[in-house]
Structures are given as structure tokens and as C-alpha cells.
Amino acid sequence: MKKTGLLLAALLASALHVGPGFAQTPSPATPAASASSAGADAAAQDFGRLSVDGGTASEDIALARQAIFDGALDAASRLIDDASMALERARVDNTAFQKAETDLQPARTKTTHSTHTSSASSAPVAWLPVDGELVLNESIEPTPEKTAAVAAANRHLRAGNTARAGEVLKVSGIDADYIIAAVPLEQTRKDVARAAKFIKSNPYKASEALRDAQNAVRYAAVNVQAASQQPSPVPQAK
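Residue numbering for the sequence shown is -23 to -1, 1 to 215, as defined by mature numbering (1 follows the signal peptide of the UniProt record, and there is no 0).
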């Protein structure tokens, strides 16, 4: 997945509906229409933007691990410092959202779900959205045409054209999921600080700390549904 700097709210504005996904459950007394709107607003607020600095930090962490593996410890040290500074900037970029780890997934597979839910914390923490991509909804039978439409929408997102991405999904009548990769902000900062502490004295422990940061990534999905296109009513002859 590539960094898009996506404003999900702009995508929703392009005549799309979004499922409530990870939004708070509305009160049973709330009318259905209001609940749907509130769910869309909450999803857009929680998952609307990606953190550019968070994505940069994730890339630096991966490069630092590779540098340690290659024996380039000076380069690894610089990359770890860069990751630390990027995370500090990400703390104040207003992209983090509060969720419990149990609300997120380590991978989009059923086999990892049971292990994850047994050990994940239910306490809300700050998560930094570092990556995102549209994928075809799992309930939809894939076809070359649908796959091509989702790929085209992703290209428009990467180019910053959210309106065009929404139009592609709308015209194609495709239900898609916006998959967001997120990392626990404070824990990732601690892992990077631990790597910085050990990079000179014990590169193996530094690599372990960076691995822990990489393994902490979790995924969330916001369902983006193409708006149904109702035909205009035909005027009755008088």
C-alpha cells in the first residue's frame, strides 16, 4: 500500500455511503437515517487522514532493520534517529485516533483473528494511520472489470484526486473497503527509543526493538459503498 494523504471525508462527499465500521454504536432510539449519517461522520473523523510523518517513520524503521542486517550500523543509527524525529512530528499532526487493539486486526485473515483477540488489549490507545488502500469488498465476486476499477480509484487517491476516485466507484457500482494500516503511537516511540539505545552496543537487540515496532501494525476497514443510482421519476401525464 502506498501513502496517499487521503482525506476520506472528501471521498465520502463524492456521493458515497460509508458503513459505520469502527464508529461508536448508535443508541437504539436513534432513527436509522440519523444513525447511518452519524456512523459515516464518525468513520470519516477517525480514519480520515493518513500521517505523512508516521508513514515516513515506518519506512525508516524498515530501512534501519535492513541496514543492521547489512552491517551498516552508522546508516542504521541515522535512520533510527530519523524515525524518532518523524514520530515526534506525527504526535502533533492531528491524525491519531483512539481505538482499542481488540477493534483492529493484525492481518486480514481468519487464522490470526483468534490468537489476536485473546492477547489484545481492550483499552483505547492512540493509533497512527500510516498507510491506506482501497480493496474490493470480500463479499463481491472479483472480475477483471471490478479489479481494474478499484485499481483506477487507488491511482486517483495516490494523485490526491479523491473526487475522481469516488466517481470511479460510483459509476462502476462497486462496494470497496478502505483498509488502513495503523501503529500504536506511544509504543512505537518506545520501540524506536529502545533501538536507539542499543544500536551501538547490541545491534541484535536494536533490530529486535525495530521488529517489535513493525509487528505492532494493525488494520482497520471502512466500507465504502457506491451510492445507488435511482432513476428520476417520470412525470405523470395530466
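One thing to keep in mind: the hints can contain errors.
Stated by the list, open to error - Pairwise CB distance ranges (calculated): (1) 39 - 99: 44 to 52 Å; (2) 69 - 116: 34 to 42 Å; (3) 128 - 43: 26 to 34 Å; (4) 137 - 79: 27 to 35 Å; (5) 148 - 185: 43 to 51 Å; (6) 136 - 175: 24 to 32 Å; (7) 185 - 70: 24 to 32 Å; (8) 103 - 200: 37 to 45 Å; (9) 192 - 62: 19 to 27 Å; (10) 185 - 69: 23 to 31 Å; (11) 52 - 116: 39 to 47 Å; (12) 141 - 177: 46 to 54 Å; (13) 100 - 188: 39 to 47 Å.
As the list claims (entries may be wrong) - With a straight-line Cα cutoff of 25 Å, these simulated BS3-like cross-link-like pairs (lysine-lysine) come out: (14) 167 - 147; (15) 177 - 167; (16) 123 - 147; (17) 76 - 167.
Keep in mind the hints are simulated off the structure, nothing from the lab. Being a predicted model, the structure only gives us computed values, none of them experimental. For each residue, glycine too, the CB sits at the ideal point set by N, CA and C.
Now for the hints, and whether the structure bears them out:
1. 39 - 99: 44 to 52 Å: Violated: the Cβ-Cβ distance is about 29 Å, outside 44 to 52 Å.
2. 69 - 116: 34 to 42 Å: The hinted range 34 to 42 Å holds for residue 69 and residue 116, with Cβ atoms some 39 Å apart.
3. 128 - 43: 26 to 34 Å: holds, 28 Å
4. 137 - 79: 27 to 35 Å: holds, 33 Å
5. 148 - 185: 43 to 51 Å: holds, 49 Å
6. 136 - 175: 24 to 32 Å: Violated: the Cβ-Cβ distance is about 40 Å, outside 24 to 32 Å.
7. 185 - 70: 24 to 32 Å: Because 28 Å falls inside the window, the suggested range holds.
8. 103 - 200: 37 to 45 Å: Between residue 103 and residue 200, where Cβ atoms are some 24 Å apart, the hint is violated.
9. 192 - 62: 19 to 27 Å: holds, 22 Å
10. 185 - 69: 23 to 31 Å: 29 Å Cβ-Cβ, so the 23 to 31 Å window holds.
11. 52 - 116: 39 to 47 Å: Once the Cβ atoms are compared, 45 Å apart, the range 39 to 47 Å for residue 116 and residue 52 holds.
12. 141 - 177: 46 to 54 Å: holds, 49 Å
13. 100 - 188: 39 to 47 Å: Roughly 24 Å apart at Cβ, these two residues miss the hinted range, so it is violated.
14. 167 - 147: violated, 43 Å
15. 177 - 167: It holds: about 17 Å lies between the C-alpha atoms, which stays within 25 Å.
16. 123 - 147: holds, 12 Å
17. 76 - 167: This hinted pair holds, its Cα atoms lying about 19 Å apart.
Checked against the numbered hints above, the structure violates hints 1, 6, 8, 13, 14; every other hint is satisfied.
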